[in-house]
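Protein chains in written order, with the working numbering: chain S, 105 to 275; chain A, 50 to 527.
If you are wondering where the hints come from, they were derived from the structure by calculation, not from laboratory data.
Hints are supplied without guarantee of correctness; some may be wrong.
Said to hold, decoys possible - So, partial list: chain S residues that the calculated Cβ filter (under 7 Å) puts toward chain A:
no.: 1; residue: S148
no.: 2; residue: A151
no.: 3; residue: Y234
no.: 4; residue: L238
Ideal Cβ placement from N, Cα and C applies to all residues, glycine included.
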Amino acid sequence: MARADMASAMARMDMAWAGASIGRVGSRLRDVLKVSAVAIAALSLYAAVSRTAAPIRATRGALRANAGSTPRDLAPAARFSLVPLIAAAKRVIPRDAVYTVVIGKNPPVDPLTAEAIQPMLSYGIAPRRYTPQLADADWVITYHQSSEALGVKVSREIGLDADGNAVRVAR
Amino acid sequence: VIRAYVGLTVFDILVCAGGFLTLEGLGLARFLGRARSLGLAFFSGWAASGVVMSLAACFGWYPGPLGVAGALVLTGAIGFSLGRLFPRSEPADGMGTTSAAERVLAIVGQVLVAFALICALATAAASSADGNWDVWAFWLPKANAIYYFHGLQTGLSGFSTFANPEYPPLFPVMTAATYHFMGGAHPALLPLQACVLGVSFVASVAVVLRPYVRAWILYPALAMLCLAPEFWGRLGTVLPDQLVGYFLAGATLACALWLIERRKAWLGLATLLLAAASLTKTEGLMLGVLLVVLVVASSFVLGRVVGLPAVMLCLGPAAYLPWRRWLAAHDQPLSTANYSWSKLFDPHYLDQRTHRLSFAAGHLSHFVFSQSIWSFVTPVGLAAAVLALVAAPEIALPLLAWVGIGFAGLLTTYWIGVPDIHWYIETSAQRVIATLPIVVGTATPLLVSLALGHVRVQPYAARERTRRPRLGEPDPVG
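The following block holds chain S by itself, in its conformation from the complex (with noise of 0.2 Å):
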């Protein structure tokens, strides 16, 4: 009787070494957690703190830039000169007419902006609808390419700038 006592004693006494051993281990934890949550934050605000110079370029950088001449809606066709074609265009051809667009070679035209040409005009230039056959077309924008070249009947030729004419096809 006396042995199962102590034994019982024994397991109670385990028992509790392992439950403290687990609470030790449990707190040992939280602290590891609590130290990293607070390193987090610390490194979370570093990181912002240390980036807070490009907002503050950035926004005076767009406040200049907007002073410019450019209009605001235009703006990604600068990058290819494309503006005053794009605003003669839109002036010069009715809002309900069909164009195309032919490139010519003469003098050759930079391959990035040979590329933005039309789809900058069908950004530009809506609600005229682009079609990429000729024989359809009312329009056509030339971009350094002689309209005698371009194999249809030539109603009227209109400048838009150095670079392309509006085109009106005669049916």
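Fit chain A to the given chain S structure using the hints.
Using the frame of chain S, we list chain A on its own:
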């Protein structure tokens, strides 16, 4: 121009009202606080309006200006009615700060967040139309096509005639809707609108996490995200990639809160944001489906009764189906020509492209981990997830899996892709992969809070037996 600004303001007020009605219906406006929910109302209202108008456009209906106003009101009414199906919630209390040091951390964080957002708004208000190639080459021409030709048309200069016709229509549809209110196509105002949306996203994260995360954890993490060069730099960008990041980050938070406390309203919000992500970009669909699979699986691990309602999340990505039907009905490509998943089963094809895999892996890792691009957002977020593994494996494991599988999925598209890898990476990778840091950065405060035991995932069985503690109280369960 003044008319355009006034019109944009009216549009945003209507969007906000629609979102507020949706939140009211879900019970989240009352739970989170009506006045505080303004940002979330705009964010969720924009998502809801986008989903409703995109689906309407897919079914051949596109409204004029009055119709757009009607659609916005209808969105609110639908959101309010559907939301009433969810149980009511008592208002939540925010988590208080206990020490002076915590208060200082919180206040400095709040000041930095406000600074970042005010600078972004000022920059966007002063800037011209977005000059990113994809913006003017097809996103805005698509919006023009919807605006001028009344919906999704396939004729000359119609929606489908521009590059990537298979991209879903939410972003161009919403841009066209704003044009109706502006009185014309004014792309110069769109950076400001994009920035307002970004600000509303940050405000949404702050208000949603307020009851679960202490301010000294929440605001420094949000400040780091807001001032990360890539995030801040794209706040005023008209490209929809960051938008996908917002929607998926919002959905991830809502899903995590569902797993934590099983408030069904979070499922409603997550479903809405997943639908918006799926209808914005293909990556939104892919990463959204992945999120749904992981959350549903994690919910079922918690218990069958937890898992079954989570199946509702499938409705989010399913919103893509009408768009797919529209593509098929109009003989448009159903998927991108840039890559085909079937190539994954062609060992010879893959073998020839190992150089692409290593090249893309190096660049994508750089875009995610570089301090000059995302500051410490990604490593800190992943560290927080690891810390939360002990206390909340039901949340941390799916999140880590989502990041890992999402990264691998995006990497695979570059591996099996057709375009020249240098051009492909240079023109798209940095903005496409940005969704991962946005989601990780948004989840960081919640993960830290879970790791510290400030908020705990309630075991299903225990929840049934005990009173659910008020938020912020120590949880007797577990």
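Structure versus earlier hints, numbers of those that do not hold, lowest first:
Hint 4 contradicted; others consistent.
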